[in-house]
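Taking the hints into account, I'd like the entire structure generated from these sequences.
Letter by letter, the chains look like this.
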Amino acid sequence: MDNKKQLDIFDLWINEFKPLLFKVVRAYAFTSNDQDDLFQEISIQIWRSIPNFKEKSKVSTWLYRVALNVALNWKRKHKKHEEGRQSLQHVEHILEHSEEEIDERLDWLYHEITKLDKIDRSITLLILDGFSYKEMAEILGISESNIGVKIHRIKKYLTEQSQKTEHHGI
Amino acid sequence: MEFEKLQKIWDSQNNKPMYVIREEALHQKILAKGQKAGRTANITEWILIFSGLLAAGIIVVFDLMDDGGNAFSYIGIFLFSLITVYSGMNRFLRKKRKIDFERSILGDLEHALSIAQYQVSLSKGMFYGFWPATFALSLLSLILSDKPIWYSIVFGLLFVGVSYISRWEHRCYVRRRDELKVLKKKLTEEPQL
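Protein chains in written order, with my numbering: chain A, 1 to 170; chain B, 1 to 193.
Bear in mind the hints are in silico, worked out from the structure with no lab data behind them. Among the clues, some could well be false.
What the hints assert, rightly or not - When the alpha-carbon atoms are kept at most 30 Å apart in a straight line, the in silico DSS-like pairs for lysine-lysine are as follows:
id, chain 1, residue 1, chain 2, residue 2
1, A, LYS5, A, LYS18
2, B, LYS29, A, LYS54
3, B, LYS8, A, LYS156
4, A, LYS155, B, LYS8
5, A, LYS155, A, LYS58
If you want it as structure tokens, here you go:
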């Protein structure tokens with residue numbers, strides 16, 4: 001595959017699926033520097049993955065898999081470099097917060113997602129985005145029955161938390 | 001709140017993305033970062049290749065050519081040459097290898113785990129086997145060749161330094177492998193309802 005074609009596909013995927021990528025970034029990275037860093041890592045991996053995409057799965061499934069895989073690894077490596085990254089505060093950012101009004105309920109939802117462990121976070125993003133058990137099993141590589149049990153627990157946790165929050169007026 | 005309602009809140013962000021991408025900066029950073037990763041791997045491989053060659057060369061020049069050497073000199077040359085060949089082979093395989101993105105996250109984790117396990121075994125072998133054997137042989141060779149005593153002292157100090165670095169490296173690999181094991185366990189364990 002030549003560079004021009006790879007770049008065209010890359011731009012198309014990034015533009016079309018940016019909400020998907022932003023969800024992963026926001027669920028795994030919390031400061032602007034970290035979000036920028038994770039987004040870069042995901043973008044690099046997406047760029048590298050383009051020649052390997054064989055159209056056996058949907059692009060969204062493929063991108064979720066690449067993005068979640070990078071996020072899990074990034075989180076693991078990141079712990080050790082957290083302090084060192086603070087010096088990058090003045091570096092030019094790739095991601096800028098949009099001027100859209102922020103939905104408080106969405107903020108709350110992200111906050112609850114970040115309380116989950118890294119694996120459950122991945123599964124939560126996939127459930128919320130309406131992936132089927134089969135697609136999730138394909139992305140994660142575990143059995144549908146195992147996914148079913150995990151999903152049941154996550155849904156229960158989120159609805160319970162939302163009920164508690166509703167009592168406090170959100 | 002029902003889960004379906006949570007899903008609607010979640011979907012609301014699809015039409016108004018929370019960030020704006022500065023595409024020009026993204027393209028530049030991707031290219032720069034990709035090149036940097038390649039350069040780092042390149043430098044490490046060349047350092048290993050040349051240090052093996054250099055060590056073997058030193059034995060040839062200062063031991064074999066100087067006073068004919070002994071059996072230990074030949075073993076030393078063989079071992080250091082082995083490092084060079086091994087590093088060269090790794091470099092060749094890295095260049096040839098293509099990242100396969102068709103696996104699942106569990107597949108990737110298992111792949112990473114197998115590499116981490118391989119690195120742990122390798123560093124363990126280096127720390128407990130290869131380095132002590134190489135230094136013992138080289139030291140014996142130095143002692144037998146009637147070189148001044150400070151040669152052996154410097155060599156001994158070098159061994160202590162290399163052992164320390166080798167042990168630190170081994171611990172890093174063990175930590176990395178254990179983190180991957182925890183991730184895999186979290187992914188595959190059947191949660192209790």
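The hints, checked one at a time:
no.	hint	verdict
1	A/LYS5 <-> A/LYS18	holds (19 Å)
2	B/LYS29 <-> A/LYS54	holds (26 Å)
3	B/LYS8 <-> A/LYS156	holds (17 Å)
4	A/LYS155 <-> B/LYS8	holds (14 Å)
5	A/LYS155 <-> A/LYS58	holds (25 Å)
This entry satisfies every hint, going by the numbered hints stated previously.
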